[in-house]
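Chemist: This is what each chain is made of:
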Amino acid sequence: MSKGDYIKINYENIAYQKIKSNTYIVTLSDHKIHQLDDVATRIWELICKKKSVDEIVETLYNEYDIADKDILMKDINEFLQELKQKNIIL
Amino acid sequence: MKPSTRIAQRLFNITFKKCIPLDCIVEITSKCNLDCIHCYVVKKGHPAALPTVFWKRTFVELRAAGCLYLTLTGGEVFLREDIFEIISFARNLGFCVTIFTNGTLLDKEKIKLLKELNIYELHVSLYSLNEKEHNSVTGDKRSFEKTMKAIHLAAENKLPLVIKTPLLKNNFSAYREIARLARNLGARYVLDPLITPKNNHDLSPQKYRITTDYLLKFYSDDEIFKKEFLKANSKNGSFTCSAGRNLISISSDGLVYPCLQFPVVLGDLKKNKLKDILSDKNNLIVKIRNIKPERDFYYCYHLCSYREFCLRCVGVAYLENRNIYSNPSSCCQLARVRKEVYYKYTKGLAPWEIAFV
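Protein chains in written order, with my numbering: chain A, 239 to 328; chain B, 14 to 370.
Because the hints were derived from the structure by calculation, they are not lab data. Each residue gets a CB set at the ideal place from its N, CA and C atoms; glycine is no exception. Errors might be hidden in some of the hints.
Below, simulated DSS-like cross-link-like pairs (lysine-lysine); rule was C-alpha separation at most 30 angstroms, straight line [stated by the list, open to error]:
no., chain 1, residue 1, chain 2, residue 2
1, A, 258, B, 300
2, B, 288, A, 287
3, A, 256, B, 288
4, A, 324, B, 123
5, A, 270, B, 171
6, A, 256, B, 305
7, A, 246, B, 171
8, B, 31, A, 258
9, A, 270, B, 123
10, A, 246, B, 128
11, A, 287, B, 31
12, B, 128, A, 322
13, A, 270, B, 177
14, A, 270, B, 128
15, A, 270, B, 239
Here are a few chain A residues that face chain B, going by a calculated C-beta distance under 7 angstroms [what the hints assert, rightly or not]:
no., residue
16, 253
17, 254
18, 257
19, 262
20, 264
21, 270
22, 271
Please take these sequences and the hints and turn them into a complete structure.
Modeler: Listed below in structure tokens is the structure:
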């Protein structure tokens with residue numbers, strides 16, 4: 239995934255809801271439920287708003303007390319990889 | 014990310030505690046093309062169905078209230094011409110959609126559309142593999158043929174299929190064969206021995222309830238029922254009920270109930286906003302949410318010797334006796350039998366010995 243691209247959600251395969259500060263995603267292909275904590279929920283909201291990886295990194299860098307932008311980028315990429323493996327994003 | 018079952022439990026606990034309607038069962042129409050002998054739905058002379066726009070608005074409100082699991086039932090949902098528009102709208106909002114149907118109106122095209130919409134589960138009611146027996150429950154001579162066709166089409170198209178059988182006097186001998194069919198088709202199978210009164214407290218469906226002897230046979234059936242599931246509660250019985258907390262229902266005329274089996278009107282969506290109906294300012298919902306089994310069901314919770322095996326239902330108590338604090342006889346019957354089977358098979362006790370446990 240290029241850093242400037244926005245992330246495509248696999249809407250066909252998911253149902254989701256935000257409850258308090260967490261987001262719960264059901265993957266319809268395997269009937270599993272996944273939980274995103276508050277930071278992951280923030281990333282999810284940005285994904286839903288069609289923000290690119292760069293924009294997500296920038297937003298989180300400004301919103302949270304994060305010292306190292308590179309580590310943040312790495313963490314976000316790992317998270318996106320996990321979402322991809324679970325067939326939540328394309 | 015944590016394992017799925019733990020997350021589901023956590024989600025249930027949070028929404029239960031915070032009274033967020035995670036689950037909603039919507040009776041999208043009261044119209045039905047069958048006339049099942051045990052049906053709890055009261056025939057209202059089929060009033061004009063609420064329009065598509067009403068349900069769309071309601072779904073938006075449900076979404077905002079925190080609902081994730083949306084079940085569409087009837088009547089027969091596929092009698093609505095706009096049903097696919099409604100399902101599609103719900104899926105686009107992000108709901109996990111389950112559909113309850115008798116299957117008689119489903120054809121290849123509709124099954125394909127359901128597949129494309131990625132519904133969570135399709136529940137089809139099947140009463141017997143014997144055509145006459147099935148049709149004697151539904152009151153329609155062609156229903157078996159149509160329902161079986163829908164079941165096979167759903168399985169062929171790999172729809173997440175659930176076959177459901179309410180256990181009645183009329184179809185008791187059918188469940189084993191249906192269970193095998195479900196296994197062969199890769200479908201989930203749900204059996205329910207609890208037959209509830211009609212939603213207007215009419216007890217007539219209960220005459221089809223299976224007898225205690227049949228219940229004993231059913232719960233003793235190793236092929237179907239695992240004995241460890243007979244215990245429903247801990248020693249001090251919990252009787253946790255989601256109704257009005259993280260579960261609500263909406264009737265075909267827009268009335269909000271705690272549960273379809275607990276038809277106390279909490280509000281009318283034709284006049285009020287859902288968030289107002291579910292708010293703490295609604296005294297009735299507050300009263301239901303404040304039910305405390307240890308205080309309000311004192312006998313069942315503290316004294317009854319069947320309490321560990323009891324699936325006590327507030328709605329059934331209300332429907333049977335017009336009193337939510339009363340003891341529902343159907344639940345008592347089930348609990349008695351569950352206890353007897355449990356001790357017979359796990360401890361080798363005779364019925365007279367079980368009475369003293």
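Chemist: Next, verify each hint and record whether it holds.
Modeler: Structure-based check of all given hints:
1. 258(A) to 300(B): 24 angstroms, holds
2. 288(B) to 287(A): Status holds; Cα separation ~26 angstroms.
3. 256(A) to 288(B): Distance ~16 angstroms between residue 256(A) and residue 288(B) Cα, so the pair holds.
4. 324(A) to 123(B): 28 angstroms, holds
5. 270(A) to 171(B): OK: residue 270(A) and residue 171(B) at ~17 angstroms, within 30 angstroms.
6. 256(A) to 305(B): Status holds; Cα separation ~28 angstroms.
7. 246(A) to 171(B): 25 angstroms, holds
8. 31(B) to 258(A): 9 angstroms, holds
9. 270(A) to 123(B): This hinted pair holds, its Cα atoms lying about 26 angstroms apart.
10. 246(A) to 128(B): OK: residue 246(A) and residue 128(B) at ~21 angstroms, within 30 angstroms.
11. 287(A) to 31(B): 28 angstroms, holds
12. 128(B) to 322(A): Holds. Residue 128(B) to residue 322(A) sits at ~22 angstroms (cutoff 30 angstroms).
13. 270(A) to 177(B): 22 angstroms, holds
14. 270(A) to 128(B): 18 angstroms, holds
15. 270(A) to 239(B): This hinted pair holds, its Cα atoms lying about 24 angstroms apart.
16. 253: 4 angstroms, holds
17. 254: Holds: closest Cβ of chain B sits about 5 angstroms from residue 254(A), inside 7 angstroms.
18. 257: Check passed: Cβ of residue 257(A) comes within 6 angstroms of chain B, closer than 7 angstroms.
19. 262: 5 angstroms, holds
20. 264: It holds, given that the least Cβ distance between residue 264(A) and chain B is near 5 angstroms, below 7 angstroms.
21. 270: With a minimum Cβ separation of about 4 angstroms from chain B (threshold 7 angstroms), the hint on residue 270(A) holds.
22. 271: 5 angstroms, holds
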